[in-house]
Amino acid sequence: MNTSPRQITLDEWDVHYEALRAAGLREPPYGGPLRRHVERDSDLRLARLRFDNSPAALRLWNFLLTEEDRLQAARRDGTKIVGTMKDLGTVPVMAYSLPNVVAFYPDGAWWIPCVMELSDGLLGIANTLGVDESFCPVRAMLGAFLTEAHFPIPDLLICSAGATCDDFSAIAQRLNGLGYPILWWEIPSRRRPEAEEEAVDLPGGFTASRQQVDFVRAELERVRGALETLAGMPLTADRLAAGIRAANAVRRRFDELRRLVFSAERCPLPALELLIAEMLAIHFCSDREETIAVLDDLIAEVKRRIAAGQGVERAPASRESTCSLKQEPPTKVFWVNPVADLRVMNLLEDCGGRLCGTEFLFCHALDELPEDAPPMEALARAALADPMVGPATQRAERICRDAGRFGAEALILSRIPGASHCATEGEIIRGLVQERLGVPAVEIEVPPVSDSVAATLRSRIEALIETARERRCRCD
Amino acid sequence: MKCIVYSSPFIPAEWIAAHELKPLRIVPRAASRAAIPAGMGVCPFARAFANEVLADAEAAGAIFATTCDQMRRLAEQTAAAGPANRIFLFNVPATWQSVTAQKIYLAELQRLGRWLETRGGAAPSRERLAETMVQATLPTALEKAASNRQAPALAVVGGPLLAEHRGIFDLIQHAGGRIVLDAAEGGERTRRAAWNRRSVREEPLLALADAYFGHIPDAFRRPNSELYAWLKRELAARQVHGIVFLHYIWCDLWRAEAQRLKEWCGLPVLVVELGDQAHFNAHVRSRIASFLEMLK
Ligand code: SF4
Ligand code: SF4
Numbered sequence: 000m001n002t003s004p005r006q007i008t009l010d011e012w013d014v015h016y017e018a019l020r021a022a023g024l025r026e027p028p029y030g031g032p033l034r035r036h037v038e039r040d041s042d043l044r045l046a047r048l049r050f051d052n053s054p055a056a057l058r059l060w061n062f063l064l065t066e067e068d069r070l071q072a073a074r075r076d077g078t079k080i081v082g083t084m085k086d087l088g089t090v091p092v093m094a095y096s097l098p099n100v101v102a103f104y105p106d107g108a109w110w111i112p113c114v115m116e117l118s119d120g121l122l123g124i125a126n127t128l129g130v131d132e133s134f135c136p137v138r139a140m141l142g143a144f145l146t147e148a149h150f151p152i153p154d155l156l157i158c159s160a161g162a163t164c165d166d167f168s169a170i171a172q173r174l175n176g177l178g179y180p181i182l183w184w185e186i187p188s189r190r191r192p193e194a195e196e197e198a199v200d201l202p203g204g205f206t207a208s209r210q211q212v213d214f215v216r217a218e219l220e221r222v223r224g225a226l227e228t229l230a231g232m233p234l235t236a237d238r239l240a241a242g243i244r245a246a247n248a249v250r251r252r253f254d255e256l257r258r259l260v261f262s263a264e265r266c267p268l269p270a271l272e273l274l275i276a277e278m279l280a281i282h283f284c285s286d287r288e289e290t291i292a293v294l295d296d297l298i299a300e301v302k303r304r305i306a307a308g309q310g311v312e313r314a315p316a317s318r319e320s321t322c323s324l325k326q327e328p329p330t331k332v333f334w335v336n337p338v339a340d341l342r343v344m345n346l347l348e349d350c351g352g353r354l355c356g357t358e359f360l361f362c363h364a365l366d367e368l369p370e371d372a373p374p375m376e377a378l379a380r381a382a383l384a385d386p387m388v389g390p391a392t393q394r395a396e397r398i399c400r401d402a403g404r405f406g407a408e409a410l411i412l413s414r415i416p417g418a419s420h421c422a423t424e425g426e427i428i429r430g431l432v433q434e435r436l437g438v439p440a441v442e443i444e445v446p447p448v449s450d451s452v453a454a455t456l457r458s459r460i461e462a463l464i465e466t467a468r469e470r471r472c473r474c475d
Numbered sequence: 000m001k002c003i004v005y006s007s008p009f010i011p012a013e014w015i016a017a018h019e020l021k022p023l024r025i026v027p028r029a030a031s032r033a034a035i036p037a038g039m040g041v042c043p044f045a046r047a048f049a050n051e052v053l054a055d056a057e058a059a060g061a062i063f064a065t066t067c068d069q070m071r072r073l074a075e076q077t078a079a080a081g082p083a084n085r086i087f088l089f090n091v092p093a094t095w096q097s098v099t100a101q102k103i104y105l106a107e108l109q110r111l112g113r114w115l116e117t118r119g120g121a122a123p124s125r126e127r128l129a130e131t132m133v134q135a136t137l138p139t140a141l142e143k144a145a146s147n148r149q150a151p152a153l154a155v156v157g158g159p160l161l162a163e164h165r166g167i168f169d170l171i172q173h174a175g176g177r178i179v180l181d182a183a184e185g186g187e188r189t190r191r192a193a194w195n196r197r198s199v200r201e202e203p204l205l206a207l208a209d210a211y212f213g214h215i216p217d218a219f220r221r222p223n224s225e226l227y228a229w230l231k232r233e234l235a236a237r238q239v240h241g242i243v244f245l246h247y248i249w250c251d252l253w254r255a256e257a258q259r260l261k262e263w264c265g266l267p268v269l270v271v272e273l274g275d276q277a278h279f280n281a282h283v284r285s286r287i288a289s290f291l292e293m294l295k
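Chains as they are written, first to last, in numbering that gives the first Met the number 0: chain A, 0 to 475; chain B, 0 to 295.
Incorrect hints may appear among the rest.
Said to hold, decoys possible - To give a feel for the contact side, a few chain A residues facing chain B, derived at Cβ under 10 Å:
#1 G129
#2 F134
#3 F167
#4 T392
If you're looking for bench data, these hints aren't it; they were derived computationally from the structure. Every residue gets a Cβ at the ideal spot worked out from N, C-alpha and C, and that includes glycine.
Based on the provided sequences and hints, a complete structural model is requested.
See below:
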């Protein structure tokens, strides 16, 4: 069945799903209609989203929304479950190098209040523990541990500490104080090497001193020891090297997908699906091989659309601009930070924009790991390449590089409610982007359910896009 | 003598002094100067410290510590706003149980030493460091207030305090309380340990690192169990009746401890959130009065 790309509602998906089935849709075991996640898991927000209408996107959503089932199955079959917290992309590579270990991020509870439209009660539980709305939405994780309703309690909890946000550090410590043992490992604040120090190149274009890389490698050795004890087998250099190659197979696919989506003349994949896909990068959604299959499907679909000259963009915003750009191609927007409410990603296309780059706090999980270095060295370098462990200026520099690569015309900085880093970094990023690229930028704050501020968010994004179009008009 | 300013208790004054520079641990004042304006999400203490540093043209340099995200990030902003190389960001590890954490702290002391030289200091010999350490005096425990022994015994627990907010001690005493434990930053909790005399002679830098990094309990440490071990010992020793817990708005690290402390200590706890305002408002005053009333 060949349908033109479109964003459709959940109701439309019900009908479309039946049509696809009738046409012979083949699905993996976790497949099925999206509707069941609303009915079975109370993922109420789905009813308010617009989804890409491809089978590849259906598979992506189903994969994402069935992670708990995979973790429960892992628990039943004796696979060891590791909860990796905060580092976003390094420790899972180590965990997946062991055949009997699966890793996931309890931090992912971040999105539960949004997906369940607050019906989960997780934020209320966090409140009773003294972790109120002055903290980032990741506080939902506390409730998820206490209720045990969203993931099984891991056999081992590992958390990076040091140059991390205060929000997560405080919340993980609260969890620890409630009796959940945590293996803490230190990630130092990344700094530029001094004149007399050996400099080491990191993925993503950063550098660090040899001493800092060695410190992180020593810390990861402690993590390795804990994983070996848990798995009851050595995590050998060969196993790690194979794990790194497999992670790179995933990361190369992300690179290809992003390159195709950001550079295509017409936008072949909506912003929402791209955000969801990128989330798979950090821990493979508890199944590395299936992540590859899901990505392959998405890439094939995107290529097919590009070849057919098809895109998902909606008609540009209806308001008149001074340049009468009603039929202009969508404005290319670079997006910084994930949104607590997924629905806001739909807004981008509604307002006449499309993604041409992202930095959702874990761009280091998308960068290929060095394969020409010893595995632990490669992992240490990758951990230090986390944009959040270094100065905000360095993160801003990377954003400028990435935004320039695909011709961003505007930048949206999505402020995370309560997040300690958002208090100061927004100005730095915005300032550098405007200075280097000269494109307009806006900072918006997105709560887990943004309905009450939807009109404000829309008008701010529309104003940004209008400004970018006027600038485009002037440049022409 | 050139002066180096800092506020973190994890920065050893003796190390700066041994470099023939004057260590000046400052207690910033609220909103006295505002090159970095108050903003949503910005800790008033971290902001006030950054502003004091920016306004202080006399100091040869300033040291920030990475003990919280707010300080780490404001160090960057302060460095960008002032002359090059005037700010040093000292990486204090959050973890403390591993050899690596101890090595990182030690390496940072050495790096700090190199920076102090660029600010006009002179690298100390082992002997000079040892001598500086031996001459340094350790402040004694909180002087016993001459107040009524029948008054409720209170502990003040929390993070750092702006100069004006240290007035909370007077406020409590005027309201009829007797403070027997100062566990805020700058008080007894954040004092270094006594030197190991033998180590000072043999390996003074190691002794220095141990007295600071090895002994100061704090909310930011991972795990922060030593904070609770210290409080358990001191609360019992001082026969504390109640705790006044202070934290700044937007300080996640201390704020998250408030409820845990309440659940853990079995004592009445009054939580006071402090903001950018220099003075305590009527609400805070009446809450303290009611708290003491309840304890009597
Ligand atoms: S969103 Fe920001 S504040 Fe929240 S856990 Fe992630 S890095 Fe920390
Ligand atoms: S009060 Fe909290 S946020 Fe402010 S500087 Fe201290 S630890 Fe950091």
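Hints that the structure is at odds with (numbers, increasing): none
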